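Trainee: Those protein sequence lines, which keep their order, are chains U and L. If you count the first sequence from 1, position 240 lands on 240 in full-length UniProt numbering, and the numbers rise without skipping. If you count the second sequence from 1, position 76 lands on 76 in full-length UniProt numbering, and the numbers rise without skipping.
Check each hint, because a few of them may be wrong.
Chain copies aren't distinguished; within one or between two, either way the pair holds.
[What the hints assert, rightly or not] Subject to a maximum C-alpha distance of 27 Å in a straight line, what follows is the list of computed DSS-like cross-link-like pairs (lysine-lysine):
1) Lys90 with Lys122
2) Lys123 with Lys90
3) Lys192 with Lys90
4) Lys164 with Lys188
5) Lys192 with Lys109
6) Lys90 with Lys188
7) Lys209 with Lys223
8) Lys109 with Lys90
9) Lys36 with Lys90
10) Lys119 with Lys90
11) Lys209 with Lys188
12) Lys192 with Lys164
13) Lys36 with Lys119
Just so you know, the hints here were simulated from the structure itself, not pulled from any lab data. None of these values were measured; they are calculated from a predicted model.
2 protein chains.
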Amino acid sequence: MAQPGDKRKREDEVENGGAGESVTSAGAEHPLSGFKLRSVLRESARDKTIFLHGQVSDEDAVVILERAPFQADTVSRLLADDPTLRLQLKNDIYGVYHLSPPPQLNEVKATIIRPATEKHIKKYLRQELQLISETGDDYRSITLPFIQSQSFSIQWVYNILEKKAEADRIVHENPDPALGFILLPDFKWNQKQVDDLYLIAICHPRGIKSLRDLNGDHLPLLKNILQEGQAAILERYGVHGHQLRIYLHYQPSYYHLHVHFVALGHEAPGITVERAHLLSDVIQNLELDAQYYRTRTLTYALRVDEPLLQRFRDAGRG
Amino acid sequence: MAQPGDKRKREDEVENGGAGESVTSAGAEHPLSGFKLRSVLRESARDKTIFLHGQVSDEDAVVILERAPFQADTVSRLLADDPTLRLQLKNDIYGVYHLSPPPQLNEVKATIIRPATEKHIKKYLRQELQLISETGDDYRSITLPFIQSQSFSIQWVYNILEKKAEADRIVHENPDPALGFILLPDFKWNQKQVDDLYLIAICHPRGIKSLRDLNGDHLPLLKNILQEGQAAILERYGVHGHQLRIYLHYQPSYYHLHVHFVALGHEAPGITVERAHLLSDVIQNLELDAQYYRTRTLTYALRVDEPLLQRFRDAGRG
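In isolation and in its complexed conformation, chain U is listed as follows (with noise of 0.2 Å):
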């Protein structure tokens, strides 16, 4: 989704590359002169990533290795030539070996960070989650006051509504102050390929946190984003209903209510079990219960550092 702030944007920029590419300069420093790891500050195997906290000539620097997706228009390349290959099972027709590519079609991406500070090593370091049951009761006394505490700016949601940004990004509109909604590209999505597609529909009425606040007079909201949005999105992109995942999360990013529209072959980051919730099955607890969302505990993850933490463990809730 949009997000306010300079340093998502450059952020952004850096993961989606540059346009055009240039060799090192022979003159400069080497980016990595006399690297000395520190820590391995976490490592997926699942992505083939490793984030590394190490120091270049007495500046902390944060390190993250990427190994390349494989293309394939390049990967027949791989494979010619009858490449050496080191056996290392064999059963019947399965057979697994080790494969060394040439350097020029196995290149690993190296994301540096210099100098880096407390708070860059910190975003990288591997965090224990927490799962909190969140009852109505806890919410009211211990997540809302926080939520209230924090006064996260939604300026830039209200920039979106009021067409003061992005209004050029806008894919549908239902202008209805109470009953409407703009959908529009999330940031994530490059708009390039539908396998990744991935918008939000973000309501007209203001106040609505999240699906705490949700009661049964929301339900032709809801109706209205989920029917209005799968048809903008099939007449714009030619993804149909049945082929996106159409939830919402709790705990929100930012507590202005919206809906993640992505399509259902993407793992896009949000869509586990204890964050997203159907939009349908939203409609239908209220349509079963009215009050469904103010009474219900709600089950979600936290990061072990986040303050809402502390404050369910003050409660003796945590």
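We have chain U already, so just place chain L on it with the hints.
Mentor: Positioned in the frame of chain U, the structure of chain L alone reads:
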């Protein structure tokens, strides 16, 4: 979970790799001799894997390539001695480079299945998914008759419950025939570290096929599984209940009620919102409405080639 059949076991062995390693013998035919790429069956940019269908000496072959995870103990060597970096982007403290590591630190795992049958090729072909919205009536008129027509064998489940198999693997049992269950490690978990802890609770009562069969009478059983399962895992593995994602699948992979206990930080397959149902939510829903899962529209994804989806289409519901 324990799975019947030799095929699965053989594949597990291949996945986990063999104990020893050797080098391809010089005299034998090269396993990729004259490899011709026919098609890319599937690829994952996130996992750095690609699944290929090709031909080797007129035989069909499936080749699965996967880049190696980074290893904490060798990663320093990648960054030592001022390796050649190709600059992609530099912005303030952020730099993105391409690094070409020496081949021995940058292997690719190649799994070769040869000769591959049509079935192998289809197995690895990327399958489109489609969401189904299954009403209670759909369940009774489409899904239940389909399940009954398949006569899936769950003898292996009964073998566990009767201690005819895997008795030495049991972590906890409540032997009550109506309110009891057996907890044991899932086969996906090698039990060497708790990061990816994965256990399954299999209920003693028979005939509860899935979530759909649950009603208010099952609350004591479900609460036993939740409470005793958490306590047993804390005692045996030192992992607290608030560090466990505890859920059921719908559709499940076999039709005898079972509950997954998985480390919260482990991104196991099937933890997404359209497949997993938190046990704590299931309990609350049944307390709210004893018939919740008989009447509820449940949303889940099917591969477009699954026979159940065809049943829905035949009924005009897919």
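Trainee: It remains to establish, for every hint, whether it holds in the given structure.
Mentor: Checked hints:
1. When the C-alpha separation of Lys90 and Lys122 is checked against a cutoff of 27 Å, the pair qualifies only between copies, where the shortest distance is 22 Å, while the shortest distance within a copy is 44 Å.
2. Within a single copy, Lys123 and Lys90 get their C-alpha atoms only as close as 43 Å, which misses the 27 Å cut-off; across copies the closest is 20 Å, which meets it.
3. Proximity of Lys192 and Lys90 under a CA criterion of 27 Å is satisfied inter-copy only: 24 Å between copies versus 41 Å inside one chain copy.
4. In this homomeric assembly, Lys164 and Lys188 come within 27 Å of each other (Cα to Cα) only inside a single copy, at 21 Å, whereas the closest approach across copies is 51 Å.
5. With identical chains, the CA atoms of Lys192 and Lys109 are at most 27 Å apart within one copy only, with a shortest distance of 22 Å there and 30 Å across copies.
6. In this assembly of identical chains, Lys90 and Lys188 lie within 27 Å of each other by CA distance solely across copies; the values are 21 Å between and 42 Å within a copy.
7. Proximity of Lys209 to Lys223 under the C-alpha cut-off of 27 Å is restricted to the intra-copy arrangement: shortest distance 18 Å within a copy versus 32 Å between copies.
8. In this homomeric assembly, Lys109 and Lys90 come within 27 Å of each other (Cα to Cα) only across copies, at 13 Å, whereas the closest approach inside a single copy is 32 Å.
9. In this assembly of identical chains, Lys36 and Lys90 lie within 27 Å of each other by CA distance solely across copies; the values are 22 Å between and 40 Å within a copy.
10. In this assembly of identical chains, the alpha carbons of Lys119 and Lys90 lie at most 27 Å apart only when taken from different copies (20 Å versus 48 Å within one copy).
11. Taking CA atoms no more than 27 Å apart as the test, Lys209 paired with Lys188 passes inside one copy only; the shortest distance there is 22 Å, against 40 Å between copies.
12. Taking the shortest alpha-carbon separations for Lys192 and Lys164, only the intra-copy value of 25 Å comes in at or below 27 Å, while the best inter-copy value is 55 Å.
13. Taking identical chains as interchangeable, the C-alpha atoms of Lys36 and Lys119 lie at most 27 Å apart only when both belong to the same chain, with a minimum of 19 Å there against 50 Å between chains.
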